[in-house]
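Student: The lines below spell out each chain.
There are 4 protein chains.
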Amino acid sequence: MVKQTLNIGLIGHKFMGKAHSNALKNLNMFFEPGAMVNMKTICGVEDDIAEAAARYGWKSYETDWHKVVEDPEIDIIDICTPGLSHCEIALAAAKAGKHIICEKPLSMTAAEAGSMYASAVEQGIRHMVNFCYRRVPAVALAKEIISSSRLGEIYHFHAIYQQDWVDESTPYVWRFDKKIAGAGAISDKGSHVIDLARYLVGELKEVVGMTDIFLAEHQDPVSGDMKPVTTDDAAMFLARFENGATGNFETSRISTGYKNALRFAVTGSKGSLRFNLERLNELEVYFADEDKTTQGFRTVLVTDAQHPYVNHWWPQGHIIGWEHLFVHQYYEFVRAIVENKAVQPDFYDGLINMQIIEAIERSARERCWVTL
Amino acid sequence: MVKQTLNIGLIGHKFMGKAHSNALKNLNMFFEPGAMVNMKTICGVEDDIAEAAARYGWKSYETDWHKVVEDPEIDIIDICTPGLSHCEIALAAAKAGKHIICEKPLSMTAAEAGSMYASAVEQGIRHMVNFCYRRVPAVALAKEIISSSRLGEIYHFHAIYQQDWVDESTPYVWRFDKKIAGAGAISDKGSHVIDLARYLVGELKEVVGMTDIFLAEHQDPVSGDMKPVTTDDAAMFLARFENGATGNFETSRISTGYKNALRFAVTGSKGSLRFNLERLNELEVYFADEDKTTQGFRTVLVTDAQHPYVNHWWPQGHIIGWEHLFVHQYYEFVRAIVENKAVQPDFYDGLINMQIIEAIERSARERCWVTL
Amino acid sequence: MVKQTLNIGLIGHKFMGKAHSNALKNLNMFFEPGAMVNMKTICGVEDDIAEAAARYGWKSYETDWHKVVEDPEIDIIDICTPGLSHCEIALAAAKAGKHIICEKPLSMTAAEAGSMYASAVEQGIRHMVNFCYRRVPAVALAKEIISSSRLGEIYHFHAIYQQDWVDESTPYVWRFDKKIAGAGAISDKGSHVIDLARYLVGELKEVVGMTDIFLAEHQDPVSGDMKPVTTDDAAMFLARFENGATGNFETSRISTGYKNALRFAVTGSKGSLRFNLERLNELEVYFADEDKTTQGFRTVLVTDAQHPYVNHWWPQGHIIGWEHLFVHQYYEFVRAIVENKAVQPDFYDGLINMQIIEAIERSARERCWVTL
Amino acid sequence: MVKQTLNIGLIGHKFMGKAHSNALKNLNMFFEPGAMVNMKTICGVEDDIAEAAARYGWKSYETDWHKVVEDPEIDIIDICTPGLSHCEIALAAAKAGKHIICEKPLSMTAAEAGSMYASAVEQGIRHMVNFCYRRVPAVALAKEIISSSRLGEIYHFHAIYQQDWVDESTPYVWRFDKKIAGAGAISDKGSHVIDLARYLVGELKEVVGMTDIFLAEHQDPVSGDMKPVTTDDAAMFLARFENGATGNFETSRISTGYKNALRFAVTGSKGSLRFNLERLNELEVYFADEDKTTQGFRTVLVTDAQHPYVNHWWPQGHIIGWEHLFVHQYYEFVRAIVENKAVQPDFYDGLINMQIIEAIERSARERCWVTL
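Protein chains in written order, with this note's numbering: chain A, 1 to 372; chain B, 1 to 372; chain C, 1 to 372; chain D, 1 to 372.
Keep in mind that the hints were calculated from the coordinates and are not lab data.
Predicted model only: the values in this text are computed from it and were never measured.
A couple of the hints might just be wrong.
The list cannot tell twin chains apart, which means a pair is met if one copy fits it or any two copies do.
[Said to hold, decoys possible] Okay, derived cross-link-like pairs now, DSS-like style, lysine-lysine, Cα gap no bigger than 30 Å in a straight line:
#, residue 1, residue 2
1, K178, K270
2, K292, K14
3, K18, K59
4, K270, K143
5, K292, K227
6, K18, K292
7, K143, K341
8, K178, K227
9, K270, K227
10, K95, K59
11, K25, K59
12, K59, K14
All chains should be built: construct the whole structure from the sequences, respecting the hints.
Tutor: Pasting the structure below:
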């Protein structure tokens, strides 16, 4: 069998561009999704794009994304730009018949996301939104456990995602500007936990929440002026899932001492589990159906060959890092392209995610429950 | 100086009666609150009251609480009965001029609590509601740290209190009956975390929440019939504190794998802390003002002589158990009586606590924010 | 059935005297060993003995231990004095036909321990050395698990007991003087882990070790002079058990940051377990015979009614403190007296323990393996 | 400035060959050691060498290592073969003037290691033995803390390295054969903890230890015969460091439940620290010179830009995996070549490491202390 080669064009070369480039290199070395992925073109508007292309291993680079999208040799467009341009690029790429993987959140608004999803369906392409935490081996294991009914009926889902990259001394950045960033913690971090909730437990039915700006302004590092913050520092919301479970969500970027602390817990009638992104190689699990005298939460080191994705990496007990989630995500995406099958999280997931974020913002504004 | 002796009468001799009796014995042995407490009379209606009195070290026993309240030699009435009778006993005790310590929640309704508080103030007695978790050394240390401003401005308070004593196979008990228990998890467990929130962060301004019954009926162990549950299995609510902090609360009695898992976290502009009742001798603390390379949450083993209450017990590293919180509570109460000064948590705290619970229940019922 | 009453006389009223008095009060209230224990006489030579007797709940006090030992009404002698006088008191008590419970280590020398054991056997009394950590519910559970063969063949036993009560600024105390204390860390702390090793795994066959004095002198708080240290600050030894398992032991009183950190781990062919005294309500257990994908060490909160001793205390998840180990120890001792049966750890265990300590000291001195 | 390019030839293409190849790809992308490393030739004797070369990104491959060593264009030889051939390859490579990085342990015997070290010195090449755990950011941070004297005088070093890849059902592999593997746990795992001890605390002065074979034979997967085991399943030893500190070491490959559990602890007069390879992004640190009421071990998440190596990777809180240690190691090695300076761990470290392993084996055999 001749192995297929897929050419990829990556739009955006900063933090996420680096992470995606790294993942692509690892993909070919560690996984066999059925096709080789050729790192054809990277695109960026800053002066360092040439150097980044060389350093990251791209065959060529561009400074105008239209050229990448229009390149007939390219099969996949990977969108790593800020959210403002996601929709425009994705619509163009879909129109050009490219498969698309897009960073999260999918868009600035649910309306944009809706058009992106419609376009993707219409064009019959593969589409993915990069909620990468579904691809943590421990999270994929959690999904397996829940799907197997070992936890019984799910009663409660909690998730909290705290970081502390913002304090009074933080210089003004684009993430503080609603016009560019769309939203703050609820979008940047909250979108992840919303996706995990839907992945692990199911669809949400209704939400009530609040959003907050605690630090009203930050100093512009160029002008020295104080500039107002228009995105939320923190957000919380309660939810009801369609299956009756309760949801409790919180996210904050001003949580002193928490570096990248995404934690969730699932509580069911027959068992429970817990996860912490800062210890992403571990999953804590409790089963009620065991001998009473030795029951307790187990700390499973999710690094055995039996565990999702792990057999591609190292022997047991040799932990993997955060960036490998992107490799796993690409693995699923390329397999879906090769095998011509659906893959999640896709633009539909990105759309629902945006709808939930907008519902929370409306709930916070109007101080009411909002039905989804 | 002649040391005072205070006679105490305890109403109720089951779980809490046992815990209080134990605390009184420890009080005289390990603490010096300025008075000896004489365990004069215990009161209970079941047949085993005589045996309990002997076993727990009481001088005498009664089966009618009125006699205890009316005993002119008794200085303190300790109310450990189910919530239904708290108000009646307390009003009678206050009228008789007794100092009162009452189990939590203070009453069945905020209205009852209001009358209890008014009566206590009018009679000029010392009054306390036994929210004992204020007296965990680690919690008292948390209070000291927050009061010293080392955490800066408080941004977030989270608390979750999970147990798993209820599942499908649990026989019907009085706690499932709203008429007797008042409420379920929100009252039995939620009242504790509400009190901790007020103690550590300040007054709440508004709440929005939901309550749930997941297991609609349990089998009556006597009749064998299935009986309906009218108290909540779980409750969650969001809150705003008057100082602007956000509050996130959850409580559940059906959380498989969680035995007595009251956990809270306080996040401030300069530091954060965390507590877990199942490891009540520990407090986790983070300070932002330290050398960046070695910052991290510390696990403080709160068993040194410097720590609150600890110098009365054992050398460093020798942990104490849950029941000692009651000893510390009595210590504060008796000191307040001897020194004729106010002491918290008092009936006012009990009243506010009931008002918050009622506000949450109303919020859950009417699906709206409720201002306190 | 008439319930028996046993009169007890306690020699020593300081730290251990306080702990034992507390345990006796709890025994009658929480346990039913088949007899009531009457706290008849406490004995101490300092001026505060009268106050201690009153505070701790003793009927009478003495300043001469001979009078207690000779009191015909007394059934049990409890020896809480420093090690120097254990042997003399125990021999007298045995001769007087009293049952004896004695603090650890049993004596100053193995020779003394031998005579104490011989005398106890000869007089037909019940005898116990208070290695109280056998009575931690989690440790008793560990014993049950090992005895049930769920861990398979035992390969390794590790134990480390670290404290930090000694540093350069510590004033001179009697524990630094070999003539009074017998030995340092190897005796005070090491004796505990040696006892746990024998309890959990079996008899030792041979040892090789080293002992160290790191801080050669401390200032006498009275004279202000520096006084030399003649007991070990730290000790380590390797061992072979008779069943072939390996043993690794370490103890230190100068381990900065460790408050009362006795930890042990048992590794077997089919499972493993771990314990830490600073979290004494927990036991970590791993079983190899389970589904590979969810294997991991479980943290068992040893507070359920199924667990050893726990049903006498509080509901699940309500942790107990260090001092309750003494209650459990008394419970076993009194039951043995009432039921006229052997109980461990007894003077034989105390004797073997002393022999092992002496073997380690000899090994350290002669730099060789020593066969037991 | 023209950036140098260094051509590398890698001998061995299995587990370690894969890990090294991966590290080289990452090196050029994430680090700037002053030279680009060109992955010129990989060498292996199995049939899959061509595929591995392509998959891992090598320009060419060979099946005879002599050709790689003799290739005049190659600057660096990386030895990833089993220990049997380390010496021969290294001597040839040194003679050819190549810089050498060699997997651990350096050789089969200390004598071999001595000749390798002598040859490297004589040829004036850069040489490194790949004890990669020095390059864990948390371990490098531990080294910084100890070097800064914040822990004061070091009293104790403990290290334990447990895995469970061997049990009764494990098929026979070459690691069970002393003639090929040299030794068992003491070499494969023990060499790592010995290196960490020397790196963090200093040179050892003397050792006493024991080695064990618990599972005497395993079934040959080809012949079906049981074959005897001649390498140790487990080893333990005590040590004295030249600076007076005590050392306690244990390693085992039959420790049920432990996947890759290398843990060490350093205890000093002013502070202590702890590390666990299964949570390699964390370091626990205790400082004695802080406010007594909030002292405790901190869990430092070693993922900040201030921490060693971390600024080359991802933002704070985004943990890295085990394989990145190899990238850091290469980074140090290439820098040393470019800057023409010494680098550790070098062949001298590899030599001392072998001497210590041989001393432990002799101590186990002769049952005595062995001076180094």
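Student: Take the hints in turn and mark each one as holding or not.
Tutor: Against the structure, the hints come out as follows:
1. K178 / K270: For K178 and K270, only the inter-copy Cα distance (26 Å) is at most 30 Å; the intra-copy one is 43 Å.
2. K292 / K14: Answer is between: at 26 Å across copies they meet the 30 Å cutoff, but 52 Å inside does not.
3. K18 / K59: Both, since 15 Å and 24 Å are each at most 30 Å.
4. K270 / K143: Classified as both; 15 Å inside a copy, 28 Å across copies.
5. K292 / K227: between (58 Å within a copy, 27 Å between copies)
6. K18 / K292: between (49 Å within a copy, 26 Å between copies)
7. K143 / K341: within (20 Å within a copy, 51 Å between copies)
8. K178 / K227: within (12 Å within a copy, 53 Å between copies)
9. K270 / K227: between (51 Å within a copy, 22 Å between copies)
10. K95 / K59: within (24 Å within a copy, 38 Å between copies)
11. K25 / K59: both (12 Å within a copy, 16 Å between copies)
12. K59 / K14: both (17 Å within a copy, 29 Å between copies)
In summary, the structure agrees with every hint in the numbered list given earlier.
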